[in-house]
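Those protein sequences? They're chains U and X, same order as listed. The opening position of the first sequence corresponds to residue 96 in the working numbering, with each subsequent residue numbered one higher. The opening position of the second sequence corresponds to residue 96 in the working numbering, with each subsequent residue numbered one higher.
Some hints could be false.
Since the list gives no way to pick out one identical chain from another, each pair is judged satisfied if it fits inside one copy or across any two copies.
Unchecked claim - Quick list of in silico lysine-lysine cross-link-like pairs, PhoX-like style, CA-CA up to 20 angstroms: (1) K422 - K552; (2) K398 - K362; (3) K470 - K161; (4) K459 - K161; (5) K397 - K552; (6) K470 - K181.
These are calculated hints, taken from the structure and not from any lab test. Small disclaimer: the values here were computed from a predicted structure and weren't measured.
Protein chains: 2
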Amino acid sequence: MLIDIGSIGGFIMVRVVIVGGGAAGASAAARAKRFDPSADVVLVEASDMITHAPCAIPYAIAGIVKGRDDMAMYTAEEFEKERGVKVYINTKVIDVDVDKRVVYIDRNGSIDRISWDRLVIATGAIPSIPRIPGIDLKGVVSLRHPAYVEDIKRDLENANSVAIVGGSYLGIEMAEALLSLGKKVILIEKENQLLPLTLDSDMGEVVARDVVSKGVELHLNESLMEIGGKDRVRYIATNRDSYNVDAVILATGVKPNIEIALKAGIKLGVTGAIYVNEYMETNIEDIYAAGDVAEKFHRILKKNTWIPLATYANKEGQVAGANTIRKRSIRFPGVIGTVVTRFFNMYIAKTGLNTKEAVENGIKVDGRVIKARTKAHYFPGAVDVYVKLVIEQATDKIIGAQIVGWNHSVAGYIDVVAAAITNNMTIEDLFFLDIGYTPSTSPVWHPLIISARVLSKGRF
Amino acid sequence: MLIDIGSIGGFIMVRVVIVGGGAAGASAAARAKRFDPSADVVLVEASDMITHAPCAIPYAIAGIVKGRDDMAMYTAEEFEKERGVKVYINTKVIDVDVDKRVVYIDRNGSIDRISWDRLVIATGAIPSIPRIPGIDLKGVVSLRHPAYVEDIKRDLENANSVAIVGGSYLGIEMAEALLSLGKKVILIEKENQLLPLTLDSDMGEVVARDVVSKGVELHLNESLMEIGGKDRVRYIATNRDSYNVDAVILATGVKPNIEIALKAGIKLGVTGAIYVNEYMETNIEDIYAAGDVAEKFHRILKKNTWIPLATYANKEGQVAGANTIRKRSIRFPGVIGTVVTRFFNMYIAKTGLNTKEAVENGIKVDGRVIKARTKAHYFPGAVDVYVKLVIEQATDKIIGAQIVGWNHSVAGYIDVVAAAITNNMTIEDLFFLDIGYTPSTSPVWHPLIISARVLSKGRF
Chain U
96 MLIDIGSIGG
106 FIMVRVVIVG
116 GGAAGASAAA
126 RAKRFDPSAD
136 VVLVEASDMI
146 THAPCAIPYA
156 IAGIVKGRDD
166 MAMYTAEEFE
176 KERGVKVYIN
186 TKVIDVDVDK
196 RVVYIDRNGS
206 IDRISWDRLV
216 IATGAIPSIP
226 RIPGIDLKGV
236 VSLRHPAYVE
246 DIKRDLENAN
256 SVAIVGGSYL
266 GIEMAEALLS
276 LGKKVILIEK
286 ENQLLPLTLD
296 SDMGEVVARD
306 VVSKGVELHL
316 NESLMEIGGK
326 DRVRYIATNR
336 DSYNVDAVIL
346 ATGVKPNIEI
356 ALKAGIKLGV
366 TGAIYVNEYM
376 ETNIEDIYAA
386 GDVAEKFHRI
396 LKKNTWIPLA
406 TYANKEGQVA
416 GANTIRKRSI
426 RFPGVIGTVV
436 TRFFNMYIAK
446 TGLNTKEAVE
456 NGIKVDGRVI
466 KARTKAHYFP
476 GAVDVYVKLV
486 IEQATDKIIG
496 AQIVGWNHSV
506 AGYIDVVAAA
516 ITNNMTIEDL
526 FFLDIGYTPS
536 TSPVWHPLII
546 SARVLSKGRF
Chain X
96 MLIDIGSIGG
106 FIMVRVVIVG
116 GGAAGASAAA
126 RAKRFDPSAD
136 VVLVEASDMI
146 THAPCAIPYA
156 IAGIVKGRDD
166 MAMYTAEEFE
176 KERGVKVYIN
186 TKVIDVDVDK
196 RVVYIDRNGS
206 IDRISWDRLV
216 IATGAIPSIP
226 RIPGIDLKGV
236 VSLRHPAYVE
246 DIKRDLENAN
256 SVAIVGGSYL
266 GIEMAEALLS
276 LGKKVILIEK
286 ENQLLPLTLD
296 SDMGEVVARD
306 VVSKGVELHL
316 NESLMEIGGK
326 DRVRYIATNR
336 DSYNVDAVIL
346 ATGVKPNIEI
356 ALKAGIKLGV
366 TGAIYVNEYM
376 ETNIEDIYAA
386 GDVAEKFHRI
396 LKKNTWIPLA
406 TYANKEGQVA
416 GANTIRKRSI
426 RFPGVIGTVV
436 TRFFNMYIAK
446 TGLNTKEAVE
456 NGIKVDGRVI
466 KARTKAHYFP
476 GAVDVYVKLV
486 IEQATDKIIG
496 AQIVGWNHSV
506 AGYIDVVAAA
516 ITNNMTIEDL
526 FFLDIGYTPS
536 TSPVWHPLII
546 SARVLSKGRF
């Protein structure tokens with residue numbers, strides 16, 4: 096069957112096809128339709144969910160997020176009705192013909208094609224699975240998509256002892272989930288610290304202390320070598336030891352899902368994700384990419400990087416969708432890598448560059464960890480917060496921050512630094528920023544102000 | 096007795112005298128001593144407390160802040176010991192001779208003088224007391240200084256029904272305190288909304304709904320005309336009605352405490368506070384002013400204003416203190432009016448200009464109230480937050496925000512907008528700001544991002 100309604104009579108209706116119904120794809124679809132209500136906008140999604148939120152997976156496993164439907168903003172039906180976008184779920188795009196401007200789709204084994212005037216690739220990211228013995232055993236779980244949460248919950252139901260491989264955000268969030276379900280948690284991280292891609296080791300240490308104190312059995316400097324068992328997982332072996340476990344969570348990172356991009360001959364960047372410019376254009380005319388499958392311009396490093404985050408996906412989708420209709424009407428200015436996570440009541444955030452990243456990029460930096468409190472000294476209920484600002488030595492410009500604290504104020508703090516970095520603020524600028532104060536929300540010398548002052552070496 | 100140790104032998108020791116031991120004065124003293132450990136730094140305070148925190152008063156009355164000492168960072172002894180500053184408490188500066196460079200002080204009736212090389216006026220603010228009948232009755236309380244909190248508590252002890260006059264921050268904070276003590280609270284505000292100097296009326300309405308729902312008897316558009324009673328307060332009369340009360344809290348605003356400045360012949364600005372430049376210099380050589388007694392340069396309006404806040408006092412004190420030693424070494428760049436308060440679990444914040452202030456200053460603005468949630472839609476525990484961004488029509492530049500919400504995230508939000516305003520960010524810049532996200536701290540579309548988008552009229 097040929098699904099093609101490209102032109103009706105003399106009126107040329109533009110068709111925008113979006114591959115992938117996650118944050119980026121759905122945002123692109125909604126935006127395109129909003130900018131041209133006469134456009135024929137088609138969203139194609141391989142699973143049965145659209146507008147799904149992968150960030151919800153650990154909380155769904157923990158039971159904090161109750162239903163499967165809660166992990167999506169819209170059902171396909173709702174999205175069609177409210178946004179006027181044609182949605183195909185359970186439909187996999189299997190090929191793209193760039194010359195003929197068609198995509199080939201597989202719906203329950205029946206192959207069809209859809210023509211397009213503009214194409215948006217929003218196929219997201221997929222877990223990186225280590226190729227080691229036992230990886231296919233029952234009880235080895237990767238966290239790919241909200242659609243599979245129920246399967247994962249079943250898989251974990253009778254597991255008492257679970258290994259989490261990878262001390263990334265996902266690893267830490269899953270550790271919270273599993274502890275809250277009463278399971279024993281063994282966390283394996285191959286680097287010498289938690290969150291090695293995010294935090295400097297001094298801040299990683301702060302996080303590790305809390306993670307261990309809440310009951311995680313933490314093994315740093317250990318690499319997973321093998322998973323063993325018969326019908327299902329019985330143990331894991333690392334380069335150092337082996338541990339009896341009933342299940343294994345792979346939090347070993349993700350990679351861009353570039354299968355379709357490769358088939359279309361779309362250029363990849365050095366990061367392995369799709370190369371895009373500020374309009375979210377790929378190298379092929381009228382093909383856009385957005386979300387986790389695409390590179391992101393880094394506003395500090397002035398080069399493309401790959402940092403897959405939900406907020407970027409939403410905004411990039413919106414930019415791509417807008418530009419499919421009004422070519423080059425809006426630009427995505429890039430990212431600085433602001434991330435937030437939590438482990439129970441500990442909130443962890445980072446923006447800009449950490450010391451390691453700065454050094455790798457040839458930037459000489461200063462940075463110092465301070466410990467402060469979240470309220471006025473006389474106000475009850477204050478908690479600790481650790482702040483590490485990273486500044487460029489030559490200019491005093493703030494280029495990064497890492498913040499760990501025991502309430503969600505951390506999220507606000509990191510956003511202030513994100514604004515500071517984006518606007519090239521120095522520590523003196525931050526010191527004199529008119530930050531608000533009331534005794535219940537901050538000390539009169541805000542932790543960020545103290546951080547700026549400490550780095551001034553007595554100048555202010 | 097002449098307290099004068101101006102020069103010892105051939106070595107000229109500079110003497111810095113600071114009038115007022117609150118936030119500004121103590122910061123100035125500490126900074127001066129730090130920049131020149133050989134300097135003779137003298138801090139003179141009229142009460143028996145230094146480094147006191149007036150912001151603590153409502154919480155001390157409520158019993159949240161336990162002891163009197165908790166309302167100060169240092170005792171005089173500690174400050175002398177740790178900072179090397181000579182402190183005179185219970186000592187009132189009664190006159191200044193600018194030509195002879197001395198201040199005259201009154202210590203328990205004994206008059207002395209202290210010479211100075213640099214003088215810092217940090218005499219703070221005092222309550223504006225309306226001149227109406229009955230104002231001197233027992234049970235009529237103004238909130239001047241932490242030193243008097245115990246007296247106020249005694250005064251309120253047997254009061255069942257209390258009128259608060261003024262729907263300012265202090266009025267609202269005192270309403271929380273009194274309700275939490277089980278008292279009936281009647282709040283009288285002469286304008287047609289709460290927080291009239293801070294919020295636009297639409298946001299004032301949001302606050303008023305909550306204040307009323309928590310039990311305050313709110314009377315807008317009513318002016319206090321008279322306080323009645325015999326030994327102590329029995330009733331108050333407004334232009335509309337009269338109310339039986341056992342006590343009256345005056346939250347009728349504050350004014351700069353310029354008594355000493357006037358005696359010294361120091362120039363005042365149009366606001367009635369001491370005119371200072373960016374170095375915190377007054378018009379008289381070697382005399383500085385800092386804190387609530389001084390004007391503040393407004394970074395948006397590009398003119399001096401008077402906004403007495405603790406954070407400004409601390410920073411201005413530090414700048415003044417530094418410049419007494421290293422002349423014009425550091426500048427105070429000014430303020431934008433960021434304020435935060437709370438009423439129980441409702442947090443209220445403002446930065447920059449509200450619509451009324453913008454209009455008064457001839458700026459054409461757009462602004463719109465949005466209502467959002469503080470967490471991802473699927474995450475439990477989210478609360479409402481109302482955000483009103485105010486932007487300059489001609490440029491889309493953000494010039495103000497008002498935020499009301501039911502957890503302390505509000506404080507972080509307002510600080511992000513403060514950074515945005517300070518850096519001339521437009522709503523498009525804010526929309527694309529790399530704000531952090533995790534489901535427990537914000538929706539994937541952060542309330543600030545939504546606010547920016549709403550004002551873009553469909554552009555992004």
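The hints, checked one at a time:
| no. | hint | in the structure |
| --- | --- | --- |
| 1 | K422 - K552 | between (50 angstroms within a copy, 19 angstroms between copies) |
| 2 | K398 - K362 | within (16 angstroms within a copy, 54 angstroms between copies) |
| 3 | K470 - K161 | between (33 angstroms within a copy, 15 angstroms between copies) |
| 4 | K459 - K161 | neither (47 angstroms within a copy, 47 angstroms between copies) |
| 5 | K397 - K552 | neither (29 angstroms within a copy, 30 angstroms between copies) |
| 6 | K470 - K181 | neither (51 angstroms within a copy, 29 angstroms between copies) |
Comparing the model with each earlier hint shows violations of hints 4, 5 and 6; every other hint is respected.
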